[in-house]
Amino acid sequence: MNNTSLVIKREYLERVNKKSFIITTLIVPIVMVALMAVPTLIMLFAPSSDKNIAVLDNSGLILPQLKDTDDVHFFAADAPQDEMLSNDSVYGLLIIDRNIVANPSGVRILTSNTASAPVERTISDQMEKIIQDEKLKGYDIENLDDILKDVRTSVTVRTIKVSDADDEGEEQSAALNSVGGMMLNFVLYFFITMYGALIMNSIIEEKGNRVLEIIVSSVKPTQLMLGKIVGVGLVALTQILIWGVVIMACTTLILPMVIPADVMADVQAINAGTGSPDPEAMGMDVDVAHIIGTLSNTGYVAYILSLTLVFLVLGYLLYAAIFAMIGASVDNVQDASQLNIIAMLPIMIGFFAAMVIIEDPSSTFAIILSMVPFTAPMVMMARVPFGVPAWELATAICVLIASVIGFIWLAGKIYRVGIFMYGKKPTFRDLARWITYK
1 MNNTSLVIKR EYLERVNKKS FIITTLIVPI VMVALMAVPT LIMLFAPSSD
51 KNIAVLDNSG LILPQLKDTD DVHFFAADAP QDEMLSNDSV YGLLIIDRNI
101 VANPSGVRIL TSNTASAPVE RTISDQMEKI IQDEKLKGYD IENLDDILKD
151 VRTSVTVRTI KVSDADDEGE EQSAALNSVG GMMLNFVLYF FITMYGALIM
201 NSIIEEKGNR VLEIIVSSVK PTQLMLGKIV GVGLVALTQI LIWGVVIMAC
251 TTLILPMVIP ADVMADVQAI NAGTGSPDPE AMGMDVDVAH IIGTLSNTGY
301 VAYILSLTLV FLVLGYLLYA AIFAMIGASV DNVQDASQLN IIAMLPIMIG
351 FFAAMVIIED PSSTFAIILS MVPFTAPMVM MARVPFGVPA WELATAICVL
401 IASVIGFIWL AGKIYRVGIF MYGKKPTFRD LARWITYK
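Numbering (the numbering used here), first residue to last: 1 to 438.
Be a bit skeptical, because a hint or two may be false.
[As the list claims (entries may be wrong)] Below, a list of computed lysine-lysine pairs in the PhoX-like style, where the Cα atoms sit at most 25 angstroms apart:
1. K129 x K51
2. K51 x K67
3. K9 x K67
4. K220 x K413
5. K67 x K220
6. K425 x K413
7. K149 x K67
Hints in this document: simulated from the structure, not taken from any laboratory. No experiment lies behind these values; they were computed from the predicted model shown.
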């Protein structure tokens, strides 16, 4: 066991002390925040060019009712078509058919510029409302505008999850849970594939350099394999813990400082279950209120992070054993890529299945895949934000623990023989025979 701890220490320190680990640990959270913030900042601060649209309205109905926006300006075409299109200050010529009300598809934009989706959307949105109003006028209803304003209704649906009749329940946001599930699913997929492949490549490299033959003279092959798996796993765990601390610091310290005090008071009432978000009172969208409430709920964030660690560790150990078997069975990366499908296929099935399961996280299909050890890490983490019964979590964890023990035992059998095999790519029959060796 002492030899195993030495291997663990070597594998861990060798990777943690690398500049690449430090840079990755520091940069990835910044990149993730940037990926979420940059598009918004670009939309807010990117300079926008005004687009002047000349309108040839053969119906006489549309042009008087078109309204300028910040970026799009309409004016009546006062010159021939060729002259309008050759004018650099004119983005395009909007031609509207005479019977536009009866034929709404009779709209064209002639332009020498590239197509612009915002311009098309602005024109179509305004024209749809204008044509609808023109059609409604044909019904000759008095005070039609007032009636329509009174009829228009915005419905906000709140989902309350209850466990029994006396339970007041917990308010949830399906959109927020879906985004959270997808992010957790991706995190599990990313870490399992990256660090599992790292185990495989490390074994192949040492096997190719014949370093393993020297190492196993003082360390048993099984101890060496366990040391590699645990050592590399601790590297992944270190990164997750660092990121977890950063997330907790942001949600408990920074978020309350940037959110107005009155909004934060409403958010805290939501977390305590004594209030529900009122968009008009809070001055924000309901989903935004739920996001702030969830991120500022320290207990909930800690619960999610703890489950992420559990399924990350178990999922990594399971697939690290499989990757270790592949690495010990081949001599080079090219041969490993052919066997790599054995490990990657179930991971990809779990990843893509989780994306589908998010739409119905309580379905029988979701529960079954949550109990299959190969797909459980990704699928279960995609379901966790929606709330998973304790018995399902316990069962999935027990199944994963049993599978990890079994596959590590299996990997040890193959590893102890495979690291001494050179020059021949083993068949599945060979692997089965290696397992039976005493």
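- Task: Decide if the proposed pair is consistent with the structure: K149 and K67, CA atoms, cutoff 25 angstroms inclusive.
- Result: holds (20 angstroms)
- Proposed proximity, K67 with K9 (alpha carbon, max 25 angstroms): With a Cα-Cα distance of about 69 angstroms, the restraint between K9 and K67 is violated, given a limit of 25 angstroms.
- Query: Is the Cα-Cα distance between K51 and K67 25 angstroms or less?
  - Reply: OK: K51 and K67 at ~13 angstroms, within 25 angstroms.
- Holds or violated: K67 with K220, Cα cutoff 25 angstroms? Outside the cut-off at roughly 79 angstroms; violated.
- Task: Please work out if K129 and K51 have their alpha carbons no farther apart than 25 angstroms.
- Result: holds (21 angstroms)
- 25 angstroms limit on alpha-carbon distance, applied to hinted pair K220 and K413: This hinted pair holds, its Cα atoms lying about 12 angstroms apart.
- Restraint status (C-alpha distance of K425 to K413 at most 25 angstroms): holds (17 angstroms)
Consistency note: the structure conflicts with the earlier hints numbered 3, 5.
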